[in-house]
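Start from chain A and add chains B, C and D according to the hints.
There are 4 protein chains.
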Amino acid sequence: MPTILGQNQYGKAENRVVKITRDGGTHHIKDLNVSVALSGDLDDVHLTGSNAHCLPTDTTKNTVFAFAKEYGIESAEQFGIHLARHFVSSQEPIKKARIRIEEYAWERIASSDANSKFIGADEVNHSFARKGQETRVTQITYDGEKWEVISGLKDLVVMNSTNSEFWGYIKDKYTTLQEAYDRILATQVSGRWRFNWTDDDQRMPNWERSYEQTKKHMLEAFAETYSYSLQQTLYQMATRIINNRAEIDEVRFSLPNKHHFLVDLEPFGLKNDNEVYYAADRMYGLIEATVLRDGATAQIPVDMTNL
Amino acid sequence: MPTILGQNQYGKAENRVVKITRDGGTHHIKDLNVSVALSGDLDDVHLTGSNAHCLPTDTTKNTVFAFAKEYGIESAEQFGIHLARHFVSSQEPIKKARIRIEEYAWERIASSDANSKFIGADEVNHSFARKGQETRVTQITYDGEKWEVISGLKDLVVMNSTNSEFWGYIKDKYTTLQEAYDRILATQVSGRWRFNWTDDDQRMPNWERSYEQTKKHMLEAFAETYSYSLQQTLYQMATRIINNRAEIDEVRFSLPNKHHFLVDLEPFGLKNDNEVYYAADRMYGLIEATVLRDGATAQIPVDMTNL
Amino acid sequence: MPTILGQNQYGKAENRVVKITRDGGTHHIKDLNVSVALSGDLDDVHLTGSNAHCLPTDTTKNTVFAFAKEYGIESAEQFGIHLARHFVSSQEPIKKARIRIEEYAWERIASSDANSKFIGADEVNHSFARKGQETRVTQITYDGEKWEVISGLKDLVVMNSTNSEFWGYIKDKYTTLQEAYDRILATQVSGRWRFNWTDDDQRMPNWERSYEQTKKHMLEAFAETYSYSLQQTLYQMATRIINNRAEIDEVRFSLPNKHHFLVDLEPFGLKNDNEVYYAADRMYGLIEATVLRDGATAQIPVDMTNL
Amino acid sequence: MPTILGQNQYGKAENRVVKITRDGGTHHIKDLNVSVALSGDLDDVHLTGSNAHCLPTDTTKNTVFAFAKEYGIESAEQFGIHLARHFVSSQEPIKKARIRIEEYAWERIASSDANSKFIGADEVNHSFARKGQETRVTQITYDGEKWEVISGLKDLVVMNSTNSEFWGYIKDKYTTLQEAYDRILATQVSGRWRFNWTDDDQRMPNWERSYEQTKKHMLEAFAETYSYSLQQTLYQMATRIINNRAEIDEVRFSLPNKHHFLVDLEPFGLKNDNEVYYAADRMYGLIEATVLRDGATAQIPVDMTNL
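Chains as they are written, first to last, in our numbering: chain A, 1 to 307; chain B, 1 to 307; chain C, 1 to 307; chain D, 1 to 307.
Quick caveat, the hints were computed from the structure, so don't treat them as lab data.
In this text the structure is predicted, and so the values were computed from the model without any measurement.
A couple of the hints might just be wrong.
Claimed, not checked - Below, computed lysine to any residue pairings styled on SDA-like, alpha-carbon distance capped at 25 Å:
hint: 1; chain 1: A; residue 1: LYS258; chain 2: B; residue 2: GLU14
hint: 2; chain 1: B; residue 1: LYS154; chain 2: B; residue 2: ALA280
hint: 3; chain 1: B; residue 1: LYS173; chain 2: C; residue 2: MET304
hint: 4; chain 1: B; residue 1: LYS216; chain 2: C; residue 2: GLN299
hint: 5; chain 1: C; residue 1: LYS215; chain 2: C; residue 2: TRP197
hint: 6; chain 1: A; residue 1: LYS96; chain 2: A; residue 2: ALA110
hint: 7; chain 1: B; residue 1: LYS96; chain 2: C; residue 2: LEU177
hint: 8; chain 1: A; residue 1: LYS171; chain 2: A; residue 2: LEU270
hint: 9; chain 1: B; residue 1: LYS96; chain 2: C; residue 2: GLN299
hint: 10; chain 1: D; residue 1: LYS19; chain 2: C; residue 2: LEU270
hint: 11; chain 1: D; residue 1: LYS95; chain 2: D; residue 2: THR198
hint: 12; chain 1: A; residue 1: LYS216; chain 2: B; residue 2: GLY25
hint: 13; chain 1: B; residue 1: LYS146; chain 2: B; residue 2: HIS217
hint: 14; chain 1: D; residue 1: LYS95; chain 2: D; residue 2: GLU145
hint: 15; chain 1: B; residue 1: LYS271; chain 2: A; residue 2: LYS258
hint: 16; chain 1: B; residue 1: LYS173; chain 2: D; residue 2: GLY269
hint: 17; chain 1: A; residue 1: LYS30; chain 2: A; residue 2: PRO267
hint: 18; chain 1: A; residue 1: LYS131; chain 2: B; residue 2: SER112
hint: 19; chain 1: B; residue 1: LYS19; chain 2: A; residue 2: ILE20
To be verified - Just a sample of chain B residues kept apart from chain D, beta carbon distances all over 12 Å, derived:
hint: 20; residue: HIS27
hint: 21; residue: LYS173
hint: 22; residue: GLU208
hint: 23; residue: TYR278
hint: 24; residue: PRO301
All residues carry an ideal CB built from backbone N, CA and C; glycine is no exception.
Isolated chain A (complex conformation) (with noise of 0.2 Å):
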């Protein structure tokens, strides 16, 4: 047969699990969506029909529940770790696993005084609205001996409404875009950031802190950078993260150029002083790039989306 199986992999994708905690009256909401993919001893699979090598798809959405509820859910890292380690451990043919999770987060619904006397006080410890806001993502890959892992966030749209410019670039016969002193800045943010934890004899981070603090460090790096060129933003926000967190070494963003563009009102007899801008869908400019700690080598993959 002259064609040859090569990298392949297969589990159960968008596990949606929720897992509450009861603290007392209070409750505490993990909302996780998990999707496994299992690589190892495969070929007969794919080649003969024999599926003795195969833990079913169905089975890995199993213990994704199941140890929601032996393991709990202290953070979608942590968690990932528990099922990668279980998949490569138990079953003799797989031989890798990556688990990759997207995380909603949720927040508490406040209660009037007027009502929570009516209704008493710890009543509302079981309400949420979901933040909405940005999806966290983590991915875990065990080989059986080493550990990589990979956090970030996406769908995060933010804005600067001036500190940017553009000019001084390269003039083709193709060129018609004019130099810009004081635009809005805006990208919805995908990025994600590797972990030098690597072994299990290291100390693990604390996931939680680690991804609050990158996200704030990473948030101020785009408000207090004044721009000229949405690379340089990008580079800004990637260093910030490197130089503040011990735990990360490498860093990639994908950043949409969400264009605003200043109508002309002139034809109306107005001036347009940088009031009113119309916000395009479609094209946009793509920026990305990966930076590192220096010494360290690049692990994420280029490509984080498909445009």
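Quick look at chains B, C and D alone, frame taken from chain A:
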């Protein structure tokens, strides 16, 4: 000709206007998606190919952007009122205007002390992150005499992790559902409320404060209701609004029951004590109802979704 | 209590039922998305927490799947009629049922001669690809006496690359649009048509043939109309249906004007002779109208979209 | 500085170019979504705020539209080759260009005889409906010396309503799945295939015919394979392509298992003899693999989805 032209309307939809207002170094954003629909004496446009009575949709778009400069955007409602009045009063063939607006909320990005010393304290007063929670909506309709304002929100996901039961229902030959005495109640709120402001002579509501308070009362009612059905919770949410907001006479909700099914962990020797749930996408219960102040007449359309 | 319960309805939405019918080795697919909405004597469900009149949405879901077996799915319309009649006639509190259905079309995958000899000629009579063009829709409403059937389609994208003009329109102070004498006319058709079958004593239309012929007439009218506005094209599409299909009394279209803007290539020394266009997403004109057979009364809701 | 800039790329994404070619009264459409990504000597853009090496994304957009006029669009692949060569050869700092293109297919709207007599027989040679089935994709990468062309498709939904089994798999403590001896096998095909054309001196494939034939072989293999797992079907689809298309050396598929669950109708006294299925959205098995011509090296990225 055996056919008759019935109700018709036209205009530019989804005009994405962003307005930046500068108060010294502190900037403010209004981020709207404005859709215009005009109707009137437009038979010839459909029947003869004459466009003599047709104000182009492109012109309605230009008007949206020009008005953002001329009037500013105090609130989505006020902005829609300016637009609707303009179209009806400035063009003789246009007898009625309906303006629909979606509004996206933004919050300021905080800067830490250490950095703000470095860059100047007001630096980040122009930096924002999109909140991404609910989308605020409004619809203004004007026929040259009377106003109808229907505001609301959509895509606000909320959950009570307890205090919800469902039992005592009809059982027929197709019923297999088990009664529930402690279940998760979750929904993605789509709500609309109609104001009793209809006339330029009446005092106009404070649209921004009304929205904020209406949302607050709605969320509190969701959180505080001990529920025997999503219908009952819906009714409480609507009633709470009408009882607390004198400017509102009618409320309608469309509430999908976002099912969270308790996962059966017994095959794995585990007891699921209301801890681990599977969040399902489809199918879902869909609960819809209008609630009116006594004496009011229903005007909000019944079909807020296409399902 | 100062609030009144108005119109309300409930049921299971988006039941994804797929029915395979075997005719020897040849299989047939019906692939539907069925949404049930029931109304009636349901005040107590909202007001008191009693569910004694509530047929659970879970039961309405079970009924959809059971009826696919009991009655088969001859057409979406016929299937909806079975369901609506059942809910109204079998449960005393249910006074009205509305069934909405989306249908997804499939086509057979062809097998080449060489391979079919190898595997047996009837082998691929069970292999299908989803067509993916328009989504067919229907809505059946029954109150125990009268039927209302509104069918249609959505998401059918069509284009005329010439034979479209737009000029002679109103110019006001906000008008900048240039008149067009040869433009692209493209739209994403959302159409609904109401049948004059309302009574069990009338002869029922052939729903499958009616859909096929109505779509054909609609497309021919779109293609053959020399257009001076999208309004005029819409009117011709609707009129063509009413003139050719005696079973239909009312048609409504919601047609976004999918703008294709001629790109200005002059800065690059090129002449764009109606060759290169930019397909815009937003903003878009939105043209909506009802056309009626003379003497008929409008029943199709005005708002088929939320914009 | 402790941080290093790694892989980076930028360009305008999602340029929606539509090209109309007129052959007398008969028009032809090419409808593309073109994304440009350039890389090279761009460190300063990120590090110093100098844009001296930056060709603006706006210029890359202009180039796409200008090239549609200058070169026409013979095929998506040929168009991408023109663009990639231009960027690398015309700007010294640009060392590598990657062009990604989505193509949307259109079909002609037929006109019936009666009407075409009325309007002239060639009238509808300019009228089209979007097919809406799969989206064709291609990616062209050029570094000034070698070409890499990876084409494919996505969103093609296919189903076999029989000839699929799944049994003999691993059972562990989390396994509850029942073995299946006659099940529906359905998937939404995302496939990519890499051409062995890499050099301007080689004879270029006929891109249009290659696509048509590759899709045909892939669909036939899907239809004709008696399947013991989706992995096995995937392998047959890929192998069939490599065996039949000499211009292709590598194929990768990402195939979600679109589960169709047999509905349990026994509670209603009905027997479900493989007739009534529930089409589930999530969770789904996700099966991914590369298949190579013997001796070829894998180049198609492993991650074609983000799940």
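Going through the hints against the structure:
no.	hint	verdict
1	A:LYS258 with B:GLU14	holds, 17 Å
2	B:LYS154 with B:ALA280	holds, 20 Å
3	B:LYS173 with C:MET304	violated, 35 Å
4	B:LYS216 with C:GLN299	violated, 37 Å
5	C:LYS215 with C:TRP197	holds, 19 Å
6	A:LYS96 with A:ALA110	violated, 44 Å
7	B:LYS96 with C:LEU177	holds, 23 Å
8	A:LYS171 with A:LEU270	violated, 31 Å
9	B:LYS96 with C:GLN299	holds, 21 Å
10	D:LYS19 with C:LEU270	holds, 15 Å
11	D:LYS95 with D:THR198	holds, 17 Å
12	A:LYS216 with B:GLY25	holds, 22 Å
13	B:LYS146 with B:HIS217	violated, 28 Å
14	D:LYS95 with D:GLU145	holds, 10 Å
15	B:LYS271 with A:LYS258	violated, 49 Å
16	B:LYS173 with D:GLY269	holds, 9 Å
17	A:LYS30 with A:PRO267	violated, 54 Å
18	A:LYS131 with B:SER112	holds, 22 Å
19	B:LYS19 with A:ILE20	violated, 41 Å
20	HIS27	holds, 23 Å
21	LYS173	violated, 6 Å
22	GLU208	holds, 35 Å
23	TYR278	violated, 9 Å
24	PRO301	holds, 28 Å
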